[in-house]
Every structure is written in C-alpha cells, then in structure tokens.
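**Q** Residue numbers (the numbering used here), protein chains in the order written: chain A, 3 to 398; chain B, 3 to 398; chain C, 3 to 398; chain D, 3 to 398.
If you're looking for bench data, these hints aren't it; they were derived computationally from the structure.
Treat the hints with caution; some may be incorrect.
One copy or two, it doesn't matter: identical chains are merged, so the pair holds either way.
Claimed, not checked - Once the Cα atoms are required to be at most 16 angstroms apart in a straight line, the calculated EDC-like pairs of lysine to aspartate or glutamate come out as:
| hint | residue 1 | residue 2 |
| --- | --- | --- |
| 1 | Lys227 | Glu284 |
| 2 | Lys334 | Asp374 |
| 3 | Lys334 | Glu387 |
| 4 | Lys226 | Glu194 |
| 5 | Lys83 | Glu320 |
| 6 | Lys350 | Glu363 |
| 7 | Lys128 | Glu159 |
| 8 | Lys380 | Asp126 |
| 9 | Lys92 | Glu45 |
| 10 | Lys324 | Asp385 |
| 11 | Lys6 | Asp109 |
| 12 | Lys226 | Glu184 |
| 13 | Lys83 | Asp323 |
| 14 | Lys343 | Asp323 |
| 15 | Lys334 | Asp381 |
| 16 | Lys343 | Asp385 |
| 17 | Lys334 | Asp373 |
Bear in mind the structure is a predicted one, so any value in this text is a computation, not a measurement.
Protein chains: 4
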Amino acid sequence: MPKKGILERLRDGVVVGDGGFVFALEKRGYVKAGPWTPEATVENPDGVRQLHREFLNAGADVMQAFTFYASDDKLENRGNKAQSQYTGEKINKAACDIARQVANEGDALILGGISQTPTYLSGDGKAAVQEIFRKQVKVFVDNKVDFLLCEYFEHIEEMEWAISVCKESGLPVASTMCIGPEGDLHNISTAECGVRMAKAGADIVGINCHFDPPTVLEGIREMKKGLDAAGLKPFLMSQPLAFMTPDCNKQGFIDLPEFPFALESRICTRWDIQKYAREAYEIGVRYIGGCCGFEPYHIRAISEELEKERGKSCNASEKHDKWGEGLRLHTKPWVRARARKDYWENLKPGSGRPLCPSMSEPDAWGVTAGDDILKQKKDVTTDTEINQLITNRNRK
Amino acid sequence: MPKKGILERLRDGVVVGDGGFVFALEKRGYVKAGPWTPEATVENPDGVRQLHREFLNAGADVMQAFTFYASDDKLENRGNKAQSQYTGEKINKAACDIARQVANEGDALILGGISQTPTYLSGDGKAAVQEIFRKQVKVFVDNKVDFLLCEYFEHIEEMEWAISVCKESGLPVASTMCIGPEGDLHNISTAECGVRMAKAGADIVGINCHFDPPTVLEGIREMKKGLDAAGLKPFLMSQPLAFMTPDCNKQGFIDLPEFPFALESRICTRWDIQKYAREAYEIGVRYIGGCCGFEPYHIRAISEELEKERGKSCNASEKHDKWGEGLRLHTKPWVRARARKDYWENLKPGSGRPLCPSMSEPDAWGVTAGDDILKQKKDVTTDTEINQLITNRNRK
Amino acid sequence: MPKKGILERLRDGVVVGDGGFVFALEKRGYVKAGPWTPEATVENPDGVRQLHREFLNAGADVMQAFTFYASDDKLENRGNKAQSQYTGEKINKAACDIARQVANEGDALILGGISQTPTYLSGDGKAAVQEIFRKQVKVFVDNKVDFLLCEYFEHIEEMEWAISVCKESGLPVASTMCIGPEGDLHNISTAECGVRMAKAGADIVGINCHFDPPTVLEGIREMKKGLDAAGLKPFLMSQPLAFMTPDCNKQGFIDLPEFPFALESRICTRWDIQKYAREAYEIGVRYIGGCCGFEPYHIRAISEELEKERGKSCNASEKHDKWGEGLRLHTKPWVRARARKDYWENLKPGSGRPLCPSMSEPDAWGVTAGDDILKQKKDVTTDTEINQLITNRNRK
Amino acid sequence: MPKKGILERLRDGVVVGDGGFVFALEKRGYVKAGPWTPEATVENPDGVRQLHREFLNAGADVMQAFTFYASDDKLENRGNKAQSQYTGEKINKAACDIARQVANEGDALILGGISQTPTYLSGDGKAAVQEIFRKQVKVFVDNKVDFLLCEYFEHIEEMEWAISVCKESGLPVASTMCIGPEGDLHNISTAECGVRMAKAGADIVGINCHFDPPTVLEGIREMKKGLDAAGLKPFLMSQPLAFMTPDCNKQGFIDLPEFPFALESRICTRWDIQKYAREAYEIGVRYIGGCCGFEPYHIRAISEELEKERGKSCNASEKHDKWGEGLRLHTKPWVRARARKDYWENLKPGSGRPLCPSMSEPDAWGVTAGDDILKQKKDVTTDTEINQLITNRNRK
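All chains should be built: construct the whole structure from the sequences, respecting the hints.
**A** As structure tokens, this is what we get:
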C-alpha cells in the first residue's frame with residue numbers, strides 16, 4: 003500500500019520534520035565543520051542511519067536524505083576533496099538509500115534537498131547555477147524521493163532558479179529561505195520572498211536555519227502577511243536553529259563570534275522547543291521541524307507538544323514522561339519536586355558562565371553575492387590569506 | 003595477542019576514558035531521565051553500540067559497559083519496571099557483550115562499573131549493600147571484563163564496601179567518588195577520601211560526575227595532597243561533567259535548578275575540554291575521561307589535546323582540524339578569519355539568553371544517607387507526595 | 003552686560019544642559035519617589051542650590067528651575083499635600099530664585115519647564131489642560147526666566163497645547179517629548195512628532211527622559227528625518243536617562259520592573275556619556291544634556307568630550323584628568339596601568355550580580371490617555387486598590 | 003549638656019555610621035580620583051558641609067571629619083600638590099570644623115580617622131610611620147573630636163602601630179581593616195587580626211571598605227570567632243562598600259578592572275543595604291555604616307531597617323515611605339502595584355548591559371608591602387612608567 007503523500011498529510015494535519023544532520027554528526031565525529039559536506043553517507047553509513055532512526059523514533063514524519071551542500075561545486079571548494087574522492091552523485095545516491103531504508107521502518111516519507119551554491123555567490127549567473135541544481139535533482143528523481151526541498155537560500159533570486167529546476171520533476175516542492183524578518187541579503191522583504199517562492203511554484207514555503215525559533219516565526223508571520231495580501235495559500239514550513247540568537251544581525255548565526263565551535267550555551271532546551279512548536283502551530287505552520295542544533299530530543303519535544311493534534315505519540319516518548327514527570331522516579335526528594343510542568347515552563351536557566359556576556363556582537367562585513375571577497379575557489383585558504391582576513395576583521 | 007592491561011597502560015602513558023552514556027542516550031531517546039537505568043542494552047543494542055563506536059572513534063582507550071545504576075534494587079525503585087521486565091543480570095550481560103564487540107574493533111579494554119545504591123541511602127547496612135554489589139560483579143567477572151570501576155559514590159564508607167567486593171575478583175580496581183573539594187556527604191575531607199580508597203585497595207582513585215572540570219580537578223588536587231602525605235601512589239583518574247557548575251554546593255549538579263532538563267546553556271565547549279585535559283595531565287592524572295554531558299566530540303578534544311603525549315591521533319580527528327583550522331574551507335571570509343587557536347582560546351561565549359542569570363541558587367536541603375526523607379521505596383511517587391515535596395521546597 | 007540668549011548660543015556652538023534633579027535629590031533625601039514633586043525648593047533650598055552649583059561647576063550652560071511636575075493638579079494628586087502646604091506658585095517662584103542665584107555665579111541662563119498633566123491623562127480636555135500650563139508659565143515670566151521648556155510629554159497633542167501656551171510669552175521655547183523611535187503613545191510617529199513641535203512654534207525640539215542615550219539618539223535621528231523632509235530647521239535637543247534601557251518597550255523605563263528603586267545596575271558610566279555626547283554632536287544636536295540619573299559627573303563628561311567644540315573647560319575638570327589620567331597618582335601600580343583612554347573605552351563592566359539577568363521584561367499594560375484605569379484622583383491609593391493592581395499585574 | 007559618648011551609645015543600642023566621602027564627592031566634582039585626598043575641606047567647604055548634612059539627615063549618629071588619606075606623605079605622593087598648597091594640618095583642621103558644625107545641628111558625634119600610609123608600603127619602618135600618624139592625631143585632639151578611628155589598613159602590623167598612637171590621646175579608639183574573610187595581605191587570618199586589634203587597645207573593631215556587604219560580614223563573623231575564642235568583647239563595626247564584589251580576590255575592589263571609573267553597575271540598591279543592616283545587627287555589629295559608594299539614601303536604608311531597634315526615625319524618611327510605599331502616589335497603575343515589600347525584596351534587577359559579563363577577572367599581581375614595585379615616590383608617573391606597567395599587566 004503506497005504511503006500518503008506530503009501534500010495530503012499537510013492538508014489533513016501536521017507534519018513533524020527531522021532535525022539537523024551536519025551539527026549532530028560533526029559532534030559524533032562524521033562531518034567536518036568548515037566544508038560541512040555529507041560524504042559520511044559513503045564513509046560512515048551506519049552513523050548516518052542511526053541518526054535517521056533516532057529522528058524517526060522521535061516522531062519525524064519525513065527523512066531528509068543527507069545531501070546538504072552536496073553540489074559538485076561545493077564538494078571541491080577551497081580544498082575539499084569529497085568531489086574527487088566520491089563524486090556528488092555517489093554521495094547523493096547513498097543518502098537516498100539510507101533515508102529510504104529507515105523511512106520504511108516506519109511510515110515516513112523521504113525528500114531530497116538542494117541549497118545555495120558557491121557558483122551563485124561567485125556571481126556566475128543563472129545557467130551555471132541551474133546546471134548545478136539539475137545534476138542533484140536528477141539523482142533524487144532517479145532514487146524516487148517523495149518530494150523535493152529547496153532550502154538554505156539567502157537570495158530569493160537563486161531560490162527562484164532552484165524552484166524552477168525542481169518543478170521540472172513533477173514532484174511536490176517545498177522551499178525555505180535562511181532569512182529572518184528583515185528580508186533577504188539583497189534587501190527583498192521577507193513578505194515578498196514568501197510571495198515569490200509561492201509564485202515560482204513552491205507548494206510549501208517558509209524559513210529554515212540561521213535564526214532561533216522566535217526569530218524564524220517572526221519571519222514566517224511576515225511571509226504570511228505577504229501571502230495573505232496576495233491571496234496565495236501555500237503550506238507553511240519552519241525549521242529554525244536550536245540555538246538562541248537574539249543578537250544576530252540579518253545574516254544570521256554564522257556571523258556570531260561563537261559560530262560554529264562555541265555555540266553550546268545557546269542550545270535550546272526541550273521546553274524552548276515545545277514553546278516553539280505550539281507557537282508555530284498557532285500561526286498556521288503545518289510542517290514543523292528543525293535545522294542545525296536540533297537533536298532527536300528536540301524533535302521529540304515537537305511530537306509531544308503536538309501529540310493531540312497529531313493523534314499519536316512517538317516511540318521515544320516511552321522514555322520521556324511529559325514535562326519532567328519521569329523525575330517522580332528520582333532518588334532525591336528535591337528532584338522529585340521538579341516533576342511538574344510549571345517548574346520547567348518558568349525556569350530561567352543559568353549559564354554557569356559568570357565571566358561571559360549574554361549577548362555577542364556579530365561580525366558585520368556587509369557583503370553579499372557579487373562582492374569580490376565572496377568569490378569562491380578550489381584551493382585551500384593560505385596563511386597569508388588568513389592573516390589578511392584577520393586584519394580586515396579587526397578594522398571593522 | 004592479548005591486549006595490554008589497564009595498569010600497564012597507565013604506567014606507560016595516558017589513558018583516555020569514554021564519555022557519559024545516560025545523558026547522551028537520553029537525548030537520543032533510549033534512556034529515561036529520572037530512573038536513569040540502562041535497560042537500553044537489551045531494548046536498543048544498536049543505539050548503545052553506536053555510541054560506543056563514536057567514543058572509540060574519538061580516541062577512548064576503554065569501553066565502559068553501560069551498566070550504570072543497574073543494581074537490582076535501583077531497577078525496581080519507585081515504579082521502575084526494568085528489573086521485572088529484564089532483570090539486572092540480563093541488562094549487565096548485554097552491556098558487556100556490546101562493549102566487548104566494539105572494544106575489539108580497536109585496541110580498547112572493557113570495564114564494568116558499580117555505583118551507590120538505594121539500599122545504602124535507606125540505611126540498610128553493609129551486608130545488604132555488598133550483596134547488591136556482589137551480584138553485579140559476578141556478571142562482570144563471568145563476562146571477562148578487563149577491570150572494575152566503583153564510581154559515583156557520595157559516601158566513602160559505601161565506597162570502601164564496594165572496593166572490598168571488587169577486590170575479591172582479583173581484577174584491577176578503579177574508584178571515583180562524585181564529590182568536589184569539600185569532601186563527602188558525611189563531611190569526610192576529600193583528601194581523606196582519596197587515602198581511604200587507596201588503602202581499601204583501589205589501584206586507581208579519583209573523582210567523577212557532579213561537578214564541572216575545574217571543580218573536579220580542584221578535588222583531585224586535594225586527594226593528591228592527602229595521598230602524598232600518606233606516601234600512597236595510586237594512579238589518578240578524573241571524569242567530570244561536561245557542564246559548567248561554579249554555583250554548585252557540595253552535593254553537586256543534581257541540586258542545581260536546571261537539573262536534568264535545562265542544563266543546555268552550561269554545556270562545555272571543546273575548548274573548555276582541551277583546557278581540562280591539559281590541566282588534568284599537568285596535575286598528574288593519567289586516566290582522563292568524562293561523565294554526564296561528555297559527547298564524542300568532548301572525548302575527541304581530550305585525545306587531540308594530548309596527541310603528543312599519546313603518540314597517536316584518533317580517527318575522528320580526520321573530520322576535525324585542530325583549533326578550528328577546518329574553517330579555512332568555509333564559504334564566508336569572516337568565518338575563515340576564525341581558523342586559529344587564539345581566537346577560540348580567548349572567546350567568551352554569549353548565552354543568547356539575556357533574561358537568564360549566569361548562576362543559579364541550588365537546592366540545599368542538607369540531608370543525606372540516614373535521613374528519613376531519603377528512604378527509597380518501590381512504589382511510584384504519588385501526587386500527594388509531590389505536592390508535599392513542593393511545599394517543603396518552597397519553604398527552604 | 004546682558005547674557006547671550008539661548009538661540010544665539012545654539013547658533014554659535016553647543017549648549018551643555020544640566021542633569022536630573024528628581025532622582026539626584028531623591029537619593030540625597032529631599033524628594034519623594036512616587037509623587038516626584040519639587041517642594042524641596044521651599045523645604046530645603048540649600049540642598050537644591052548645591053545641586054545647581056555642582057551642575058554649573060560641571061559645565062552646564064543652563065540652570066533649569068526645579069519645577070518638575072509642579073502643576074497644581076499634580077501637587078494634590080493621590081494624597082500629595084504639597085499644594086495645600088505650599089501652593090504651586092510658591093514652589094515655582096522659589097525654584098526660579100535659586101536657579102537665578104546660581105546662574106549668576108557663572109554665565110548660565112535659566113529656564114522654566116512644564117510637563118504632562120494628570121488632567122490630560124484623565125481626559126479633561128484642552129481648556130482645562132492649558133489653564134494648568136498658563137498658571138505655571140505666568141510664574142516663569144514674572145520671574146524673568148530666559149526661555150521656556152515643554153518637556154516630558156508622551157502625547158504630541160498635549161505637547162502642542164503646551165507650546166501654544168508658552169508662545170504667548172514671547173520667550174524662546176524648547177520642547178522635548180519622552181518618546182523613543184517608535185512614536186508617541188497614541189501611535190504618532192517620532193518623525194511626525196518632531197514636525198508638529200516645530201510647526202507649533204518650538205525653536206528647539208527633541209527628546210528627554212524615558213530611554214537610554216542610544217535609544218534617545220535613535221529617536222532624534224527619526225525626528226531629523228521628518229524635519230528635513232518638511233524643510234524645517236529647529237535646533238535639536240537631547241536629554242536622555244543616565245540608565246541603560248535596551249529592554250524597554252515604547253513606554254520607557256517606568257515600565258521596567260526596576261523602576262524606580264532598583265535601577266542602580268543600569269547607571270551609565272562617564273565613558274558611556276562621553277560616547278553619547280560625541281554621537282549627539284555628530285547627529286547635529288546642539289543642546290546636549292541629561293535627565294533622570296544624570297549626576298554632576300555625567301554632565302562633566304559631556305563638557306569634557308566637547309571641550310574643543312566649546313572652546314573651554316569646566317571647573318570640575320580640575321578634579322578630573324581626562325580618560326582616567328588621574329590614576330597616574332594612584333598608590334597601586336596595576337591601577338596606574340589603567341590611566342589611559344583605550345582601557346576605559348573598551349572595558350565591558352561586570353555587574354557583580356551573577357544571580358541577575360542582563361535584561362528585564364517590562365510591564366506592558368498597553369493603556370494610555372483616555373483609559374479608565376489612568377483616571378487620576380486626589381485620594382491616596384488604598385490597600386484594596388493596591389491588591390487589585392497586583393492581581394491585574396500578575397494576570398498580564 | 004554634653005552629648006552621650008560613643009561607647010555609651012554602643013552599649014545602649016546601635017550607632018548608624020555615615021557614608022563614603024571620596025566617591026560621592028568625586029562624582030560631585032570636588033575630589034580627584036587617583037590621589038583621593040580631601041583638600042576639598044579647604045577648597046569647597048560648602049560641598050563637604052552639604053554631604054555631611056545629608057548623612058545627618060539620613061540618620062547618621064556620627065560625622066567623620068573628611069580627612070581620608072590626609073597624611074603628609076600621601077598629600078605629596080606621585081605629584082600631588084595638596085601638601086604644598088595647603089598642608090595636611092590645614093586640611094585636617096578644616097575637616098574637623100565642618101564636621102563639628104553639622105554634628106551640632108543634630109545630636110551627632112565627630113571623629114577623626116587615620117589610614118594606611120605610603121611610608122609603610124615603601125617599607126620605611128615603625129618610627130617613620132608612627133610619626134606620620136602622630137601629626138594627624140594631634141590635629142584631631144586639638145580640635146576636640148569625640149573619638150578616633152584607625153581605618154583602611156591592609157596589614158595588621160601597621161594597624162597596631164596606628165592604634166598605639168591613638169591610645170596616647172586617651173580618646174575611645176575604633177579600628178577597621180580593609181580585609182575580607184581571607185586575612186590581611188601578609189596572610190594573618192581575619193580572626194587573628196580581630197584579636198590583635200582588640201589586644202592593641204581598640205574599643206571597637208571591625209572591617210571597612212574593599213568588599214561588598216556580604217563579604218565584609220563574612221569577615222566580621224571570622225573576627226567574632228577569634229574574639230570569642232580569646233574571651234575578648236570589643237564592640238563590632240562594619241563599613242562595607244556599596245558595590246557588589248563577589249569576584250574580588252583578597253585585595254578587594256581596587257583590583258577589579260572596573261575600579262574606579264566603571265563601578266556603576268555594581269552599586270547596591272537601598273534594598274541590598276536594608277538586608278545588610280539586618281544581617282549586621284543579627285551578627286552583633288553595633289556600629290553599622292558604609293564606606294565608598296554609600297550615598298545618603300544608603301545610610302537612610304540602614305536607619306529605616308533598624309528604626310525599631312533605634313527607637314527613632316531619621317529626617318530623610320519624611321521623603322521615603324518604607325519599602326516603596328510612596329509609589330501609591332504614582333500616576334501609572336502598574337507602578338502603584340510595586341508599592342509593597344515583597345516586590346522589592348525579591349526583585350532581581352537587570353543590568354541593561356547584555357554585552358557585559360556578571361563578573362570580572364581581577365588583577366592579581368600578588369605583591370604587597372615590601373615589594374619593590376610598591377615603593378612610593380613624589381614625582382608624577384611618567385609615560386614610560388605607564389607603558390612598562392601595561393606590559394607587566396598583559397603578561398600576568
């Protein structure tokens with residue numbers, strides 16, 4: 003019996019997305035921060051499969067094939083050897099196989115995703131960029147993914163090119179930009195970005211990555227205003243960071259000084275995520291998942307918050323009584339006293355870091371696609387180039 | 003060819019321990035916070051095996067069988083059904099099998115551990131407590147673990163009883179208390195605790211859990227003073243939390259209001275852990291690992307900091323250029339500018355939580371073994387009991 | 003020889019305002035927080051005079067008669083006895099006398115100010131409100147102040163009524179609203195407020211009180227945009243709080259939970275104020291002073307930052323070498339090492355309060371002029387009313 | 003009718019001290035940070051007199067003549083011209099005159115104080131140091147102060163020399179060291195310092211300056227233990243900072259990076275001070291005042307907290323209804339809702355500084371009396387010396 007498709011699921015209820023692969027697998031030892039490419043699908047399929055299983059167990063209705071940044075130009079950017087060792091095609095195919103295997107252990111769908119390209123950032127034009135996308139989408143179609151996702155785009159122009167390529171496949175298309183409420187990096191408003199994604203043919207539109215849950219939902223509210231005004235009704239989708247980022251400028255968490263190796267103290271609790279899931283649902287978002295920083299327990303938090311709306315609980319809830327109720331079994335009486343919702347809902351967690359501030363000053367170089375300094379290249383960055391960058395940085 | 007034993011390894015160099023299973027597997031969906039018992043070895047052996055592999059990959063020289071709190075009395079405490087469903091023996095045996103399998107994929111040893119018991123906390127005396135330990139140790143010996151560990155004891159008296167049982171096996175014995183520099187919960191000084199563990203026959207002594215790396219090392223320094231004064235020379239071992247806890251009282255992180263579901267903002271960065279590894283080594287600690295909160299990337303940080311001393315690198319370092327050097331491959335120039343040691347070493351990370359304090363006021367009920375309120379029981383805690391506890395708590 | 007007038011001074015250079023009387027004199031014991039009325043001019047003229055002298059000494063070019071909130075309706079609001087004991091007329095006259103005496107010890111001008119009224123807040127209409135203003139202005143004119151100031155208005159409508167009354171005097175009129183960049187409490191934009199003040203006849207327009215220096219200057223930038231677009235060229239004036247208030251909503255610091263008795267940790271340093279003075283000057287503000295929280299050393303900081311632009315130094319600088327240079331005379335060598343600008347400019351001061359957050363959640367009742375709950379009355383608030391208010395507050 | 007003496011007052015009840023002159027008058031423009039010497043008694047007697055009056059009004063039972071650091075060697079240290087312009091004798095005499103005048107406007111006593119000397123720090127020996135003290139004490143005796151105070155000593159040895167000189171006068175002698183619970187700078191324990199002050203003949207012993215109220219009271223508890231063990235019963239006295247300093251090392255707030263120009267966010271609220279007054283009283287302290295940072299409203303907070311114990315209220319309480327009750331007269335209802343004790347007692351004030359940490363790393367050069375770098379001299383510090391100091395500092 004065929005599984006119910008993504009658009010029907012969204013029509014009938016709420017879809018729980020999965021979490022972030024690159025950050026989780028970097029911590030588990032299988033992905034390299036810097037290039038952030040997914041050759042682990044070939045090198046360590048067991049590790050990738052296990053993370054898929056944990057998200058499935060946590061209630062995810064979809065398994066996104068782990069193909070983040072697996073475009074050929076990214077796999078050979080700045081000294082990355084993944085393209086020459088494996089090829090993008092092989093990495094993407096392995097990702098589809100693993101995702102499908104785990105999806106079939108439950109009732110989940112699989113999807114393939116494409117993202118912004120170094121080619122666009124370097125200013126090489128529409129044809130070159132779409133050629134990159136087309137190669138990736140072909141692998142997804144050949145491997146029979148259930149739908150496609152264009153995610154992590156900073157410029158609506160490149161996003162439109164991506165949606166257009168995906169539409170050639172005839173599959174449902176979802177699209178999420180990595181922007182906040184202040185618009186894309188060429189100053190197109192968030193509302194307009196939403197409208198343009200829908201007009202380009204996306205069935206599902208929204209925001210992923212770059213900002214914390216409250217900021218992403220603020221952006222989605224902007225998009226919804228634009229869509230409502232234009233009389234458009236695509237499904238809404240949100241996949242924020244699981245890091246708190248109130249101090250970000252419009253370029254998002256990459257500009258925070260803590261990115262990517264000292265973000266720990268910004269990690270969201272499960273309670274932060276339950277609050278996010280509720281708020282997203284109330285806005286009307288029906289595809290609710292997470293991006294970088296989302297671990298299996300964060301996805302479980304979405305499933306638990308929306309248990310009634312979904313009419314089912316997830317497997318991982320067997321090991322998690324709601325709102326800390328499991329603490330009733332704790333040895334110490336003062337910990338048992340924390341087995342209740344109002345305790346966790348109202349707690350303001352300390353950081354244990356009295357020498358640290360609560361917010362940071364993000365880098366703000368103010369450059370984007372088209373700027374010379376953003377031209378990408380194949381060679382690894384040299385010491386001289388690094389020193390030049392540090393000098394630039396201190397001048398800002 | 004037989005593997006080199008733990009004591010020889012310590013004599014010849016430094017041993018990297020593994021990380022924390024209960025917290026990591028709770029987040030992955032396989033362990034329940036509250037009871038914290040390890041029935042996952044039977045229920046989800048794949049999930050447990052994967053975590054072992056990640057620690058091995060990160061450089062761990064030992065695989066601790068996942069038997070935390072797997073004493074029969076704990077497995078049936080306050081409504082826990084693990085004992086009736088599986089029995090402690092079965093859980094412990096499965097743990098040994100998994101640990102051995104992964105250990106043999108590399109050159110690692112395996113160990114079995116026993117911990118403080120509800121029986122002691124309830125005041126049931128030496129014979130009853132040692133009976134509990136003996137059952138666990140028998141499984142470890144039958145399954146041929148390489149050495150034994152008595153860990154997570156708050157009272158030196160119970161620790162001595164545990165070491166004594168372990169010594170019956172003829173295996174090397176390690177022992178770590180979950181105390182800080184202020185001594186055990188019956189006010190025996192940390193220095194004296196160190197001396198008494200050594201005199202009880204432990205080959206390796208130290209501290210695990212309950213406090214952050216700086217506090218644990220402060221405690222180890224106290225132990226070393228006592229041991230030096232007594233002319234004793236056991237190996238030293240440290241396995242702290244990967245959470246920052248400067249605000250703890252002597253009972254440790256369990257009393258922090260954030261325990262266990264809102265500790266996120268206290269999580270140590272990899273750089274915090276490199277600092278810990280260096281400092282531990284300089285004090286003379288030769289068994290350097292981690293406890294709750296230690297994920298694979300934290301163990302990798304120990305391996306990388308001590309790479310020269312160990313004369314080898316770990317597999318996971320293939321995906322981690324030292325001190326952020328991998329960022330040379332990043333797309334954005336201001337992130338490439340962070341590819342250097344002094345950047346990460348000096349960064350004071352923001353929490354992104356301006357409405358939260360930096361420190362918390364821990365619960366401080368001031369009760370310990372022997373107090374009536376600490377008597378354990380089989381039934382799950384009732385609503386009435388919880389309300390009574392909340393009332394007590396607010397009164398403090 | 004007559005002193006140079008305020009408009010000529012502004013035309014030829016920069017005018018340094020004075021600081022905040024109610025907060026400073028509350029701490030010195032002469033003003034009561036709650037009513038905040040200035041009967042000290044009658045009760046403790048020496049205390050008022052001394053504060054004027056300190057501001058003069060710190061470089062203030064103007065002495066604002068201490069008549070804040072000295073309208074008859076405020077002096078008898080909610081149990082205040084100042085009106086029945088002294089009358090507004092007597093208080094205002096005494097204020098003028100003291101200000102004039104000290105002004106003549108230097109080259110300073112004096113001004114009289116009027117502020118928002120309970121009558122307006124209670125919705126009693128234009129005629130009633132202007133009647134209140136007219137009584138105050140008469141005292142100022144009779145006592146020969148050099149110019150008039152309409153300050154601390156939250157609604158541009160009431161401000162226009164005030165300016166109109168002041169214009170009847172023929173004296174130069176300055177006008178500052180206590181709003182930020184988000185507009186007045188009836189949602190008139192800040193830019194429009196600026197334009198309407200100028201069109202109503204104010205020679206000098208700007209913002210005072212309610213927000214920290216950065217927020218006030220952001221508001222002034224908005225006003226300037228509006229004025230430029232309308233082709234209007236009044237002088238600009240800023241008198242912000244000397245408290246940091248990034249967490250305020252549009253109603254300002256009164257809604258912060260710390261108002262008014264726990265604002266200490268928000269107090270600006272002298273270096274914060276030098277930064278403010280420089281930024282204000284660069285925007286084009288020519289009347290640069292302070293409001294609540296500004297102590298004499300804050301005014302000195304303005305004078306010192308603009309010493310070159312003013313072509314003179316202030317008396318109090320004899321006791322203050324620039325940028326900490328006086329520390330060269332300190333006993334301890336590590337304190338002498340702080341005798342330099344870059345040290346103080348870059349310091350991020352700790353609060354010494356690790357159990358406190360960095361930001362607060364302001365009260366946000368969302369009511370303003372016209373709402374029933376804002377009706378003022380003569381009787382002191384009863385216990386029942388207070389309990390009702392607490393209940394309301396907790397509900398928000 | 004002669005006033006009741008200090009010892010009788012202490013025997014019969016509690017004595018409220020006054021606040022800090024150097025910090026308050028620095029902000030008012032009359033004292034220079036760096037040398038911190040009191041030539042304002044000659045230059046601006048009105049300013050000094052006004053501050054005395056405010057403390058009297060706030061309930062202070064004693065007026066300490068403003069003679070801080072007015073030893074001849076300090077008045078000519080490192081370029082200070084006060085000695086050559088005025089002489090110590092003239093400054094001290096003027097201070098006594100002003101204090102006496104204001105004391106007689108109420109029922110207050112006056113006292114003269116002496117402090118640590120550059121001569122001691124430079125290692126010049128007992129005779130030289132006592133010669134300095136004797137000159138100061140002579141002025142106090144000639145001007146008929148009611149009692150003497152040896153305050154702000156970091157070394158018990160110098161303190162004993164000072165007490166010994168004071169005892170020659172026949173007047174009651176109080177003595178307070180500027181140390182915390184960790185002992186003096188030559189590592190004499192705080193308990194022993196207490197005992198040695200009492201044995202040297204001080205009638206009143208305690209601690210002033212350098213630390214926040216909680217730390218000073220912790221030190222007093224140590225002193226009391228020592229005194230109790232030795233069977234000694236002097237009166238106890240505390241005059242802490244009105245700055246929060248949990249991050250200080252044993253040298254106190256001078257080592258904090260914020261000293262002295264960026265301490266604002268550490269200033270205690272009136273509620274912090276009420277808590278301090280209560281706690282001091284309960285420990286048995288009977289001379290309760292403040293040092294640097296204590297403004298008149300802080301002294302009023304002591305008087306109000308101990309109103310029952312003193313059997314009287316202070317004049318300044320006419321302008322301050324207890325625990326925020328004056329807010330009943332406020333215009334805005336949500337501010338009236340704050341007119342109650344439990345609101346202010348439980349408030350955790352935000353700093354409004356999200357880019358700042360809560361604690362700082364103090365300088366820790368680890369040098370004290372006898373170290374070459376602490377030799378004092380008459381010449382002002384040169385640029386070369388400052389640069390050398392900065393280099394030293396960065397090396398630490």
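**Q** Would you mind marking each hint as holding or not holding in the structure?
**A** Hints versus structure:
no., hint, result
1, Lys227 with Glu284, "within (15 angstroms within a copy, 38 angstroms between copies)"
2, Lys334 with Asp374, "between (60 angstroms within a copy, 12 angstroms between copies)"
3, Lys334 with Glu387, "between (56 angstroms within a copy, 13 angstroms between copies)"
4, Lys226 with Glu194, "within (10 angstroms within a copy, 29 angstroms between copies)"
5, Lys83 with Glu320, "between (42 angstroms within a copy, 12 angstroms between copies)"
6, Lys350 with Glu363, "between (23 angstroms within a copy, 11 angstroms between copies)"
7, Lys128 with Glu159, "within (9 angstroms within a copy, 55 angstroms between copies)"
8, Lys380 with Asp126, "within (15 angstroms within a copy, 69 angstroms between copies)"
9, Lys92 with Glu45, "within (11 angstroms within a copy, 34 angstroms between copies)"
10, Lys324 with Asp385, "between (52 angstroms within a copy, 15 angstroms between copies)"
11, Lys6 with Asp109, "within (9 angstroms within a copy, 48 angstroms between copies)"
12, Lys226 with Glu184, "within (14 angstroms within a copy, 24 angstroms between copies)"
13, Lys83 with Asp323, "between (45 angstroms within a copy, 14 angstroms between copies)"
14, Lys343 with Asp323, "within (11 angstroms within a copy, 39 angstroms between copies)"
15, Lys334 with Asp381, "between (57 angstroms within a copy, 15 angstroms between copies)"
16, Lys343 with Asp385, "between (52 angstroms within a copy, 13 angstroms between copies)"
17, Lys334 with Asp373, "between (59 angstroms within a copy, 11 angstroms between copies)"
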